[in-house]
Every structure is written in structure tokens, then in C-alpha cells.
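J.: Here is what each chain is made of, one letter per residue.
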Amino acid sequence: EDQVTQSPEALRLQEGESSSLNCSYTVSGLRGLFWYRQDPGKGPEFLFTLYSAGEEKEKERLKATLTKKESFLHITAPKPEDSATYLCAVQAPSGGSYIPTFGRGTSLIVHP
Amino acid sequence: ETGVTQSPTHLIKTRGQQVTLRCSSQSGHNTVSWYQQALGQGPQFIFQYYREEENGRGNFPPRFSGLQFPNYSSELNVNALELDDSALYLCASRMMGDGYTFGSGTRLTVV
Chain A
1 EDQVTQSPEA
11 LRLQEGESSS
21 LNCSYTVSGL
31 RGLFWYRQDP
41 GKGPEFLFTL
51 YSAGEEKEKE
61 RLKATLTKKE
71 SFLHITAPKP
81 EDSATYLCAV
91 QAPSGGSYIP
101 TFGRGTSLIV
111 HP
Chain B
1001 ETGVTQSPTH
1011 LIKTRGQQVT
1021 LRCSSQSGHN
1031 TVSWYQQALG
1041 QGPQFIFQYY
1051 REEENGRGNF
1061 PPRFSGLQFP
1071 NYSSELNVNA
1081 LELDDSALYL
1091 CASRMMGDGY
1101 TFGSGTRLTV
1111 V
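From first to last, the protein sequence lines are chains A and B.
Counting along the first sequence from 1, when you hit position 24 you're at 24 in the numbering used here, and nothing is skipped either side.
Counting along the second sequence from 1, when you hit position 82 you're at 1082 in the numbering used here, and nothing is skipped either side.
The shape of chain A in the complex, shown without the other chains (with noise of 0.2 angstroms):
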């Protein structure tokens, strides 16, 4: 069954402060894996697609990386305007299509 795991769970940083967020996953034949943003009572946010191992996204203070086994969502000097919830999903196939699984995702708040 393919896996999604977004850790940590939560995350308080201070303004400036960088840090990186991980989603881990376990899939057979990965066609994607995406980050989404989340704000409370909003549909999720589109951010980057990454596709092979290596592959490397920015824009603006985030920057996604994959591996194999991983994504990092890298933020650098983080504001208060970047706290909201980040979600990760990977797309694999199945049964002749593609399906999204999403993490469960990683609540980031940001303190002035």
C-alpha cells in the first residue's frame, strides 16, 4: 500500500529561523510528487511538482528537493506569512490511472 509521511507534525520556528520539512514516502512507480499550502478554512495551494530523484524547485524563501525515498521542503528565512499548513502527495498508478496520496501534513507557524 503506498505511504505517505510528513514529519514533524508541527513546527514553530522564529522569524528568520530555516528549517525543512520532510515527507517520506513508499510508492511503486512514482509519476509525481507534489507540495501543496494550507491555509485554515482554504483549499489547498499549489507549490511544486517534483518528478525524478535529484530534482530541485524554488520560489521565493522554499525550495523542494526528492530523492528516492524523500522530499525536503526547505524554508529559508521564514516570515509570519509563511505559517500554514504544508502537504505533501505522491501520484502512482493504479488500475490504470493515477492516484494522489496525500500526507497528513505539516503545521508550520512562523512567530514575528
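Incorrect hints may appear among the rest.
Stated by the list, open to error - Chain A side only, calculated, beta carbon under 8 angstroms to chain B, not exhaustive: (1) A53; (2) I99; (3) P100; (4) F102; (5) R104.
Don't read these hints as lab results, they were simulated from the structure.
Just so we're clear, the structure is a prediction, and the values are computed from it rather than from any experiment.
All C-beta atoms, glycine included, are put in the ideal place defined by N, C-alpha and C.
Using the hints provided, position chain B relative to the given structure of chain A.
T.: Relative to chain A, chain B alone:
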């Protein structure tokens, strides 16, 4: 039209009733998927439609069904509601190969 719009935003139903949730996707987004998100959990995949045909289904019973229409709108129908069906229901759409664009969801409460 940009963005994904879901209606209604909140809904209260009684156990055993049926409910229909609606989603209007971005123009050109030929893939739509539906998710159930319980409090404190990640979204759970219900099913996906591509060009009006179901092409993927998660571990949900047949009382969860859906439709996708040519105008990029879609529906999620749930029959015989149970208390555990209370959750945030999310619709997401995309063009093939892109990341999904999510709506803000419908908060369903079953009493």
C-alpha cells in the same frame, strides 16, 4: 474564468439523506478530482474524472458518485449519509501535467 468555485460553502444534513456538492473548474481544465478532508488530516482521494469519464477511484464506497460535464463543472453525490461523512469536501482541477488547482471546499456536517 479563473479559479475553482465550490458550492455550497457549508451544509448541514441528516443521517440517511442524500447530498449533491458542486464544483466549477477553470476553463480548459479537463481533469477534475474530489477529496474528503477530515479535521487534522490530509485530503483523501475519492475519484477523478477526465473528459467526463471516471478514470480513478480511491477507497470509498459506491454511495459516493460523481459526474463531470462538458462546461468544466462537476458534481459529487453522496447517498445514505453517515455521521463519519462529516468533513471538508474539496474539488480540484488541472490540465494534464500541471499541478491541481483546489477550490475552498464545502464543509458538510451530518447530524
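J.: Now tell me, hint by hint, if it's right for this structure.
T.: Now the hints, each set against the structure:
Interface restraint check: A/A53 against chain B, minimum CB-CB distance 19 angstroms, threshold 8 angstroms, status violated. Given hint, A/I99 at the interface with chain B, holds; its Cβ is 5 angstroms from that chain's nearest Cβ, closer than 8 angstroms. Contact between A/P100 and chain B, as hinted, is supported at the beta carbon level, the nearest pair being about 5 angstroms apart and thus within 8 angstroms. At a threshold of 8 angstroms, the smallest CB-CB gap from A/F102 to chain B is about 3 angstroms, leaving the interface hint in force.
Checking A/R104 against chain B: minimum C-beta separation of about 5 angstroms stays under 8 angstroms; hint holds.
Of the numbered hints stated above, the single one contradicted by the structure is hint 1.
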